[in-house]
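Sequence lines, in order, name chains A and B.
If you count by my numbering, then the first sequence holds residues 1 to 1034, one letter each, in order.
If you count by my numbering, then the second sequence holds residues 1 to 250, one letter each, in order.
Please keep in mind that the hints were generated in silico from the structure rather than gathered at the bench.
Yeah, the Cβ is synthetic: ideal placement off N, Cα and C, and Gly gets one too.
Among the hints, a few may not be true.
Claimed, not checked - List of simulated lysine-lysine pairs, DSBU-like, C-alpha gap at most 30 Å:
| id | chain 1 | residue 1 | chain 2 | residue 2 |
| --- | --- | --- | --- | --- |
| 1 | A | K40 | B | K232 |
| 2 | A | K796 | B | K152 |
| 3 | A | K838 | A | K38 |
| 4 | B | K232 | A | K167 |
| 5 | A | K40 | B | K156 |
| 6 | A | K138 | B | K155 |
| 7 | B | K193 | A | K838 |
| 8 | B | K232 | A | K138 |
Said to hold, decoys possible - Listed next, with one range per pair, are the computed distances between beta-carbon atoms:
| id | chain 1 | residue 1 | chain 2 | residue 2 | range |
| --- | --- | --- | --- | --- | --- |
| 9 | A | D875 | B | G190 | 36 to 42 Å |
| 10 | A | N478 | B | E140 | 42 to 48 Å |
| 11 | B | E140 | A | E745 | 44 to 50 Å |
| 12 | B | D25 | A | P70 | 37 to 43 Å |
| 13 | B | D77 | A | K692 | 52 to 58 Å |
| 14 | B | D77 | A | K1024 | 18 to 24 Å |
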Amino acid sequence: MGIFYINQNHFLMKKLLSLLFLFGMVALSLNAQEVDLKGKELFGDMQARQIGPALMSGRIIDLENHPTDPRIIYAGTAGGGVWKSSNGGASYSPVFDDYIQSIGTVAIDPNDPDNTVYVGTGEIWTRNSVSVGDGLYKTTDGGESWTKLGFDASERISSIEIHPTNKNIVYVGALGPLWSAGEERGVFKSADGGKTFSKVLYIDDTTGVADLIMDPNDPNTLYASMWEHRRTAWNFNSGGKNSALYKTTDGGKNWKKIHNGFPQGDLGRIAVAIAPSSPNIVYAVIEAKDDKGLYRSTDGGESWTKTNGDFGLVVRPFYFSRIVVSPTNPDLIVKAGLQGSISRDGGKTFKNLGNMHSDIHDIVFDVKNSDIMHVGTDGGIYRSYDGGTTMDIVDNLPLSQFYHISVDDAEPYRIYGGLQDNGSWYGPSSSPGGIEARDWVRIGVGDGFRVLKHPTKEILYSEMQGADNVWRYDMERNYTKNVKPLPVKGYDKLRFNWNAPMAVSTHQPDRFYIGSQYLHKSEDMGNTWTIISPDLTTNDKDKQPKDSGGLSVDNSGAETHTTIFTIAESPLDQNVIWVGTDDGNVQITKDGGKNWTNVVSNIPSLPKNSWVYHIEASVHGKGTAYAVFDGHARGDMKPYVYKTTDFGQTWMSIVSPDVKHFARNIQEDYENENLLFLGTEYGLYITIDGGKNWSHFTNNFPPTAVHFIDLQKQTNDLVCGTHGRGVIIVDDISVLRELTPQVVEKNVHFFDIKPGVMVEESGFGGGSTELQFVGPNPGTSVDIKYYLKKRHTFGKMNLEIQDMEGNKIVSLSPGKSKGINTVTWNYQAEAPKMAKGKTFAFGGFTSPRVPAGQYKAVLTKGKETYETTFEIKNDPTSVITPQERITQYETTMKLYNMQEELAYMVYQVDEMIEFAENLMKDDKGATKVANKAVEALTDLKKTLVVTTGDNYVGTAPPELREKLSALYADIAQSYEAPSSAQLDNLALLEERFNNAKKDLEEIKSKEFAKVEKYAGKKGTDMMKLDSKEDYLGS
Amino acid sequence: MKRIQQLLFIAAITIGFTTNAQTADEIVENYFENTGGEEAWQNIEAMRLTGKAGMGPQEFPFVQTVTDEGKMAIVVDLQGQQFVPQAFDGEMMWTTNFQSMEAEAADKETSDNFKQEAQDMIDTFLNYKEKGYSLELMGEETVEGTEAFKIKVLKKPVMVDGKEVENFSTFYFDKENFVPIMSEQTVKMGPQKGMQTQTIFSDYQEAGDIYYPYSITQKFNGQVGQTIKIEKIEINPDIDEAMFKMPVKE
């Protein structure tokens, strides 16, 4: 029966395999006609590296805690997705990495709080730099998987309320589009758990829901604050006749305005909160021209009394409009704000919350203990255990929001960038023990934007918002000088963008550019400035309003418009300079600024006055450049990406429908002109065919807004500055250069392997605690990369490293993914086989490092073998001589072989003891001879290996094995020749080793020979030993 | 001619599956069918897997013995010393303390939680209904560069530090041949809590009457952690039951 089944299955399987082969052929012939060079499969297991930083973290939008379990907290972030803590806020993990990363609100279903959570996307604290959302999501498994529930055009969702006893009834408050009119706003209700919704409160296409809250005791009662608002690139308006607070008591059928006691005139944004422990007490923070502030109602909103109008309560309502009441005390309330304000007397008086990052957006009280609070700010989440006085930051949230990044050519290279409300910083691309908080250096305050390294000196430039300060920073002296260009006679008042452009030159290291509406050039690192252009913008006065903000004037400079936004000097010709403006001009000079031409009208299908977000001057041709335009500030979410090769005379679009969201930045490859990288609102896209097809890169790269990309020239690392997930690096993209139609048609293709460098590093590193974020290092191993046309699922596949003679050095675990696979080898051969003892000889776990030279990677897949060769090199910065290296290697291998020989000796001893013991067990007559042998062998063994104790404090004194392995590990791990102390020690051990060998041979020829003789006489089977080769090979 | 007819017949069935396999049940059925048939899987009472486990080039030999009753023991050979890093006797999980090299019982919560996982010793999907699992087809997704069916396996809740927590994992079945190529799970306890782990399956080869993945790679957030290379699989070997029991301290 069994045999029958085996045969049958074998037969079936073979057929299945041949069938797959046939399908493979069909697929091949289809593919040969038209190869689409796109898709997730192109990248295989290429992984991005998220290095943070987390020390300054990033903007938090909404916090939500579990109704009964204080361990569970969710955080919705501005540009970094949703994070969940299941340890009471000690640390958080991302749970929304496959979806759009801008979050408006998170709501836990009280009927199923462990599992069902809703997420409304699109941040709701509507500053100039906000990202966009794309609708409503729901999980029923605590965040493992999410389902989209529509609201595609809502852009921003502010509130979600769920009926406390009927999980099917869900209300959604949509704030709606910020930059345009839109009808997907207002209060929506679902009676089927979110499958379908109907609109139950709608005002107009400019007025959305700022807050929607449900009475916990009466789920038919809800309060909705409607907010009229609109942002443009040059203005923000909060407030109008449509802003109002509404209440329903019949589950959304009827709504009435509840303004009894409210300020007169137009209203702006209104925050509203119910005291959960006494639901008739309702608080509203009202934006108005006069009498703005906190209002309190004790009759469910029927009448209102103003209790407080302090600065902390009324500051910047569009940014801080959240009021939170303790779950247990109706008089304990906190208001979001610049510092955050707390009241313990029902809102009459307030004091600031404790020291933390400013700009507080949301607060949650622990469900059981209001002394414990979690607070979301522009700089991460803080927790307090003493009612908001002492604030402690969560250290593992890498939510940093970069506007810009750049890299230098140091080794390891450094990454520079500026962040939303978190200054400017630089940090290393790798660091001993990983990239830790302490590796990052602050080089600017306020909002940070461009940070540019001087091409040859340890000098860098950084700036803050609106170029209020432009710092030249001496990295060696930790010394700054403000080198900002100032107004000069004969020119208009300077208009700098919030995010003002700066550039350095590859031709003249001391040259430095800044753009206002003019292009400013300095040839002496910013000490003196020359304006080298006329006003390059449209200078449209309609886009230069005096005041921004609407009801609450908000002139931060964030809306300054008709400015230069991007500057690019050609790397091939210093006289060719490109300038792009936020109001849609693409200007070029070919004579270093004497004459300027606006070439934007040559660009086909580009809406007029589109924001020129980035111009990249190419290394592939003097007249070649790329331009990325962004229309999102007027509600146009499409990407616009163009290329010119003739100084802007003609342009072609190089974006495809694969890219779904607007783009901000493009980076070209320095070698392959068809390889381009696009930073979009929805993550990173890559094309390998010059823009005909784009593929979304999603391997450990969430769809967060990528604001700026740089390609490091020595490492070919693609470094992305994201606005919500810090710096994300795709290490060494050079393999993508080789991805041609011919390569992707091959079953297996080895990419050129970059020589491995055995970096001589053996220091210490790693001072972070478990709860602190540490960015992973790129590793110093050699990367063996290959392309598989098809995933390897059936049959054997192995990868071996061999020397050039074909001797195996080590066997690795190859990746089997379709697309690009990367296997790393750390230059180590296998560890020695160690003698068996009572405990471990820890030195014996050390593997010897191979010498520099040529090696082979041999991939066996089924019956086919593929191989490639590669080089490994010594550290070029090393001071160690070749002769020292030879001595180090030879001594290492000598000790390696001694240990293996010792292992074989101990094996023989053990076998002999066993033989002798067995002999006397069966034959009492053998006792005398056997005992003598056992005694001699046991005495010898005790000197060879440790035979007692444990691996910790019960450890026995070291014997030969332990001493050899300790010396071996020391020398093997070192790069230098052994010290004389080590060599003296080796001589000592060698003597002992040789004596031991002699002793063993003596026992073999004396005591044990007698045992064998006795056994032979008795006709017992003789002892069979494995040969040394067999033993070591086993 | 006859062979070609057979081939076409099977092709028709397979194509039929490919286009119609809409339910999780059908996908799992196809998986068992394509790896030896469910009967062959049901005939397995125990398996002994011999291989090497490692991180990078550092490898150590192991032997793992499992039974369909959920007993399990791993024996590892390090420097000639054999020890049991983890074993489960059907009720209790035990480990070896690396310092003292003595056996120690795992905490009760771990043992209790493992009791459910132990039902999957032969295969997660074998008798999944009887085990009280439910499957949900979550759609299709590209993993390992390959189009795959995504199936969520919902098990009974586990206890984490005294609190009940949902317990499930996600499996990805290659659309072409219906075998799992990856599973994914969120770590629920310990310092790695919240981290995503992926387990990659490949090198499916014969093991007795079934096909089994001889290469298993564990990844943490996409970074390779442990690799397991299986060299030999014995189906229904002779087993000394004592190996599953925690040794009594002398």
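Right, here's what the structure says about each hint:
{"no.": "1", "hint": "A:K40 - B:K232", "verdict": "violated, 34 Å"}
{"no.": "2", "hint": "A:K796 - B:K152", "verdict": "holds, 28 Å"}
{"no.": "3", "hint": "A:K838 - A:K38", "verdict": "violated, 57 Å"}
{"no.": "4", "hint": "B:K232 - A:K167", "verdict": "violated, 52 Å"}
{"no.": "5", "hint": "A:K40 - B:K156", "verdict": "violated, 34 Å"}
{"no.": "6", "hint": "A:K138 - B:K155", "verdict": "holds, 21 Å"}
{"no.": "7", "hint": "B:K193 - A:K838", "verdict": "violated, 35 Å"}
{"no.": "8", "hint": "B:K232 - A:K138", "verdict": "violated, 45 Å"}
{"no.": "9", "hint": "A:D875 - B:G190: 36 to 42 Å", "verdict": "holds, 37 Å"}
{"no.": "10", "hint": "A:N478 - B:E140: 42 to 48 Å", "verdict": "violated, 55 Å"}
{"no.": "11", "hint": "B:E140 - A:E745: 44 to 50 Å", "verdict": "violated, 25 Å"}
{"no.": "12", "hint": "B:D25 - A:P70: 37 to 43 Å", "verdict": "holds, 40 Å"}
{"no.": "13", "hint": "B:D77 - A:K692: 52 to 58 Å", "verdict": "holds, 55 Å"}
{"no.": "14", "hint": "B:D77 - A:K1024: 18 to 24 Å", "verdict": "holds, 21 Å"}
In summary, the numbered hints that this structure violates are 1, 3, 4, 5, 7, 8, 10, 11.
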